[in-house]
Structure formats: C-alpha cells, structure tokens
Amino acid sequence: MNGPTASRTRLLATHILLIAAALLVLVPVVWVVAAGFRTQISLLSGAFWFTPVLKNFNEVLFSKTSDFLVNYRNSLIVGLLSTLICLVAATLAAWSLNRMSWPRWFVHIFLGWALVFHMFPPLALASAWFTIMRTVGLDNTLTAVVLAHTVLNLPMALWLMGVFVRDVPIELEEAARLDGATTPVLLWRIVLPIIAPGLAATAILTFVFSWNDFGVALTLTMKQTATVPVAIAKFAQDYEILYTQMAAAAALSILPALVLLIIGQRYIVAGLTQGAVK
Amino acid sequence: MKPIASAAAHVAAVEAEPSATVSQPTAADFARGLDERLWRWLTLSPALLLLLALSVLPLLNLFATSFFTVSWSGGHSSFTAAGLNNYRELAGDTLFRAGILNTVLFALFAVGGQMLCGFVLALLCTGVARGRLLYRTIFILPILVPGIVVGAIWKLLLNYDFGLVNQATALIGFDAVNWLGSANTALASVIFVDIWHWTPFCFLLFLAGLQSLPQDVYEAAKIDGASGWQELAYVTLPMMLPTIMVTFAFRLVLAFKVFDEVYLLTGGGPGTATQVMSFTLYQRFFREDQTGYGSAMSVAIIFMTCLLLSAAFAARGRMGAAR
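So the sequences go chain by chain: E and X.
Residue numbers 126 to 403, in our numbering, belong to the letters of the first sequence in order.
Residue numbers -16 to 306, in our numbering, belong to the letters of the second sequence in order.
FYI, nobody ran anything at the bench for these hints, they're computed from the structure.
A few of these clues could be false.
Sample of chain E residues lacking proximity to chain X, with all beta carbon distances greater than 12 Å (derived) [said to hold, decoys possible]: (1) T176; (2) L179; (3) V195; (4) R198; (5) I295; (6) A300; (7) T308; (8) A325.
Chain X residues, not near chain E, derived (Cβ > 10 Å throughout) [claimed, not checked]: (9) N44; (10) T48; (11) Y70; (12) G130; (13) D144; (14) I155; (15) G156; (16) N167; (17) Y201; (18) L247.
Pair by pair, the computed Cβ-Cβ distance ranges are [as the list claims (entries may be wrong)]: (19) X:R299 / E:D292: 17 to 27 Å; (20) E:T130 / X:R115: 16 to 26 Å; (21) E:V232 / X:R113: 38 to 48 Å; (22) X:P197 / E:T139: 45 to 55 Å; (23) X:W55 / E:E299: 33 to 43 Å; (24) E:L209 / X:I206: 21 to 31 Å; (25) X:R270 / E:T176: 36 to 46 Å; (26) X:T77 / E:Q165: 29 to 39 Å; (27) X:L67 / E:L380: 48 to 58 Å; (28) X:G250 / E:Q349: 19 to 29 Å; (29) E:L151 / X:R113: 13 to 23 Å; (30) E:N223 / X:R299: 21 to 31 Å.
Keep in mind that this is a model prediction, so the values were computed, not measured.
Every residue, glycine too, gets a C-beta built ideally from N, C-alpha and C.
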C-alpha cells in the first residue's frame, strides 16, 4: 500500500491539486490586470488575443477628469499616518497593561471593550463617526479618515502587540530597572529592539487593512478626499461602466500589497497567525 | 470564575505584604512609586483617549440619535424627539429583514466553504516538501487584495457578455448564465467570491496549526496501523479542534461585516436577493439621509453582534466545562 510508486503517484496528485488551486487564485488576478491593457472594444468582443495598450493607465493616471493620483496620495497618507499613530498607541498600551500594576478588572474591561468594538460592522461605526465628525467640523477631511482607521485597527494592534510584549523576558526588564533605567529608557533600549519584528508584522497588517478599507472611507470622504478603493468603486457606478479603466485602477491598487507580500511575507504570516492562535 | 477570583486574591495578598512587613518606605521608594504611577498612565493614555473619543463617545452619540428624527436642510440638522418610533419602524422594514436573513445565509455558507477549502489545501500543502513556500505565497495574495478590488475582479469575470466564466462554460457547451443579475444565482455568486477571497486566510491558520502538531502522535498512529482516513479523523481533527474553532469564530465575525463585495458586485440586487445588513444600513443612513432611523438600525446591528458574541462565549464556556 505504501510502495514507492503509490507514494509517488500520491505526491503527483497532491501537486496537481495544489497547482489547480494556485491557478484558481492567479488566473482571475492576471486576467483582470490583462484587461487593464485592453481596449473596451477588445474586452467586450470577448476575443482571447489582444494587442496591449497603455491607454487605460494613461486615462486613469493622467486624464483631467481622473483624480486617481490624488486618491493614491490620500490612501498613502491615511495608511501611513494611521499606522504610525496606531502602532505607537497600541505598543505603549500593550506594554502598560502587561507590565505595569493595573488592577485586573481594569485590564479586562479595557481589552474586553477593544475586542467587542472590533466585532462591530465598520458601517455601523461609520454611521457613528459620520455624525460626530460632522459635529466637530471634520467631515470630508483626511484627518477624519486617519482617526477612524487608527481606532478601527487599534484592537488588532493591541492584541498583536500584547502577544509580542509578553514574549520579552521579564528578567531583562527587571535587570534594567535595577540598573536604574527609567521607563522611557527601558522601553527604548530594552523592549523596542526585542519587539521590532512583531512591530513590523503589526505595521504591515495595519497598513494593508487601512489601504483596503472601503466602507469607512466611502462614508467619510468626498471627491477630493476619496481613497483608492472609493475611486475604484466610482468606475463601476458611472452610467456606462468603464470596465477597462476599472481593471487598470484595480491593478494599480494592488501594487503596495504585492510589494509587501514579496518583502514582508514572513511578517504577514507571523502577524496573521499569531493574532488568531495565541 | 474561580481562577480569576483566586488570582485576584493572590495579587491583593502580594501587594498588601510589603507595606505590612517593611518598616519604612524610603524617599527613593516613594519617588519610584510616583514615577511608575506617572508612566503607567502616560503609556496607556494615547490608546485610552483614542478609544474613549472615537469608540465610546460616538457610539453613545449614535444611541442618543436613534431616539430622534433628524431632517437635513441646507447643511443644518433639526432634531425631533421620536421616542421608540425608529425601533418600531425597524421591525417592519422589509429591506432590513431581507438583509438579516441574507447575512446569516451568506455567513454560514461562505465561512463553511472557506473552512472546508482551507483545510483541504492546508492538508495537501503539509504533504509536499518542495514548493510549499511558493504555494503559500500564491495563496496569501487574495488576503491582501482590497475587498473592492476583489469585487471589481469578479464583476468582470462573472459578466454576462464577456466574462471569463461564461466564456469557459461556453467551451464545454453550457449556456451563458447571468450570475450576478439573476435572483437565483446572485447570492450564491457573492458567496463564491467571498470563498475565493477568504479561503487563503483559513488555509494560513490551518497550515500554521498543522505544522505545530506534535509528530510523535502520528508515529504512534502509524505503528498502530491507522489508515490515512483514520489518522485524519482520530488524530488530526481532534488536535486541530481549537484552531478550527478560533478560525471559525474569526471568519464568522468578519462575514457578518460583509459590505464591499456586495456594494460592487450586485448593489444588493436583483430585488433584495443580495441585500445584507451593512448594505441596508448604508442605503438608509447615507443614501436616504435617514440619520435618526439609520442610527437605530446601527444600534440594532451592534446589539445583534453583542448577542452573537455572548452566545459564542457561552458555547466556549460550556465546551470548557465539558472537558
């Protein structure tokens, strides 16, 4: 039953199934990226072969009627700023809750609320933020989106950084204390270097989730403050759907994710699995 | 409940001890205590302020708004007290009812499909040594793609006239299907797209779980002459149960938030075939500017999420007790 030929057949079958699954993942993405290089007529005619053109990318990026570069810049600003604020707040809080003498009930309520808050649908939260932002005059500003994304991702960052902070040997922190290190010195010189990989994992995930968010950005922005996903949805909403331009914009929008996947896969996997398993 | 109570008592005892036995705290101790108390608050305050100002406050405000009828004119709002009217109206809102039903259907089938596909893929992946990393890299890709782009991708692929899916089915002699435009297939199509989007996430968690299983149990099973299926049923599945439960809870919560794909693929249609909670809320609150009524709907959705959560916690508690 377990002869060498049987196990080789089995391995071959396994590879065939895995390759089929990989194709199922890749083909849709590749087909749409390719659609970005087609003319609308070529796409609608359903022909398989086509001559690639750069017209769609030109239209999306440089046409007077398109704000895609502004949208791209908005997404970058929102993603980077909200990630930065979220990481600083989450790391400090995670360390504080795990290493300082907070009463247990306080820690439970704090983390419990963050967890429950994380479960609420973003659209329900967006309705709450929309009213508040309007009241304080922050509606249609990037600040509103930055703040919303920061607090949207804060629970996940708190959770992840909690895992990484607990991995720091307590003896090391105690030794530093005995040597007279103040809290800022302790955090900067002892804790930070140890949690750096965890910080990278959390940063990548926070940025990706901010970049990908549609519901919150849709409801808190207008034309000039719209982010990339909101812009992509616009292509599909017009009276006449601009399929090829939508494809080109979609292709451009996954560039950051591709770069992060190539340079930071280790961190992405660590972040996604740590968060769920521990 | 017991361990927490005893741990708290333990903490209290440890904290009480020094002051009882040590004769006099020195000035240095006092300064250190002050320093620690200061930094304890300083390190927590950014997150605390963010949560208070951007989660607690807006939700309280939302709750208050849900008891009013809000009308907008010229950028100004006027509030009229409505009592429980908004909530009463909610019960009769057919769109909302359809939204709840579809969300439940969507969540159950999509998450079930993802878990099954993810588990099979993870099992297959642990069976190969060469190429595992490459497969993993490819499978991670959909997790990182924005939901709206996933929607855009499949809006093109499932297009009635020129979509790749209909082209492929035409090759083997099937008639073209209006996947997104027909009430019979729209919800199933959206579920399929979600399975495509999130199977990789389940795969990743299951792969990590499978790789961390102790190998000696498998060797023991092999010595006892267990077949592949027996190994799966009596060794792998029971040991993977915690990971499976966590993944299920994780995905279920996310599935209840579904919005992006529906927005782009079907816009809730045709009719109410793919109307989901978040989309109904979007229509009522943002498109129709029903701020008061929309707030009540948000509160109701949040309340239902809380119910689901407490049910999950109760189930976990019972499982823990059974063990």
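Structure-based check of each hint:
With 12 Å as the threshold on Cβ separation, the claim that E:T176 sits away from chain X holds: the shortest Cβ distance comes to roughly 17 Å. Its beta-carbon lying about 19 Å from the closest one in chain X, E:L179 satisfies the requirement of being farther than 12 Å from that chain. Listed as outside the interface, E:V195 is consistent with that label: its C-beta sits roughly 17 Å from the nearest C-beta of chain X, beyond the 12 Å cut-off. The beta carbon of E:R198 sits about 17 Å from the closest Cβ of chain X, which is more than 12 Å, so the claim that it is off the interface holds.
For E:I295, the non-interface assignment is confirmed: its Cβ lies about 15 Å from the closest Cβ of chain X, beyond the 12 Å cut-off. No beta-carbon of chain X is positioned within 12 Å of the beta-carbon of E:A300; the least distance is around 16 Å. Its beta-carbon lying about 4 Å from the closest one in chain X, E:T308 breaks the requirement of being farther than 12 Å from that chain. For E:A325, the requirement that its beta carbon stay farther than 12 Å from each beta carbon of chain X is met, with the minimum near 15 Å.
Listed as a non-interface residue, X:N44 fails to keep its Cβ farther than 10 Å from every Cβ of chain E; the least gap is roughly 6 Å. The claim that X:T48 lies off the interface is violated: its Cβ sits roughly 6 Å from the closest Cβ of chain E, which falls inside the 10 Å cut-off. For X:Y70, the shortest C-beta to C-beta distance to chain E comes to about 15 Å, beyond the 10 Å cut-off, and the non-interface label holds. In this structure X:G130 is not separated from chain E by more than 10 Å, as the shortest Cβ-Cβ distance comes to only about 6 Å.
For X:D144, the shortest C-beta to C-beta distance to chain E comes to about 7 Å, within the 10 Å cut-off, and the non-interface label is violated. Separation of X:I155 from chain E is adequate, the least Cβ-Cβ distance of about 16 Å exceeding the 10 Å criterion. Its beta-carbon lying about 17 Å from the closest one in chain E, X:G156 satisfies the requirement of being farther than 10 Å from that chain. Every CB of chain E is more than 10 Å from the CB of X:N167 (nearest about 23 Å), matching its label as outside the interface.
The claim that X:Y201 is not at the interface with chain E holds, since no C-beta of that chain comes within 10 Å of its own (minimum 14 Å). Not every CB of chain E lies more than 10 Å from the CB of X:L247, the least distance being 6 Å, so the non-interface label is violated. The hinted window of 17 to 27 Å between X:R299 and E:D292 holds, with their beta carbons roughly 25 Å apart. For the pair E:T130 and X:R115, the beta carbons lie near 23 Å from each other, so the given range of 16 to 26 Å is met.
Range check, E:V232 to X:R113: about 46 Å between beta-carbon atoms, so the 38 to 48 Å window is met. Evaluation of the 45 to 55 Å hint for X:P197 and E:T139 yields a failure: the beta carbon distance comes to about 23 Å. Against the hinted window of 33 to 43 Å, the Cβ-Cβ separation of X:W55 and E:E299 comes to about 59 Å, which falls outside the hint. Restraint check, E:L209 to X:I206: a C-beta distance of roughly 55 Å breaks the suggested window 21 to 31 Å.
Distance hint check: the CB atoms of X:R270 and E:T176 are about 41 Å apart, consistent with the given range 36 to 46 Å. For X:T77 and E:Q165, the hinted distance range of 29 to 39 Å is satisfied, since their beta carbons lie about 38 Å from each other. One distance hint, 48 to 58 Å for the beta-carbon pair X:L67 and E:L380, holds here, with the actual separation near 50 Å. Between X:G250 and E:Q349 the Cβ separation comes to about 25 Å, which falls inside the hinted range of 19 to 29 Å.
Range check, E:L151 to X:R113: Cβ separation about 19 Å, and the 13 to 23 Å hint holds. Evaluation of the 21 to 31 Å hint for E:N223 and X:R299 yields a pass: the beta carbon distance comes to about 23 Å.
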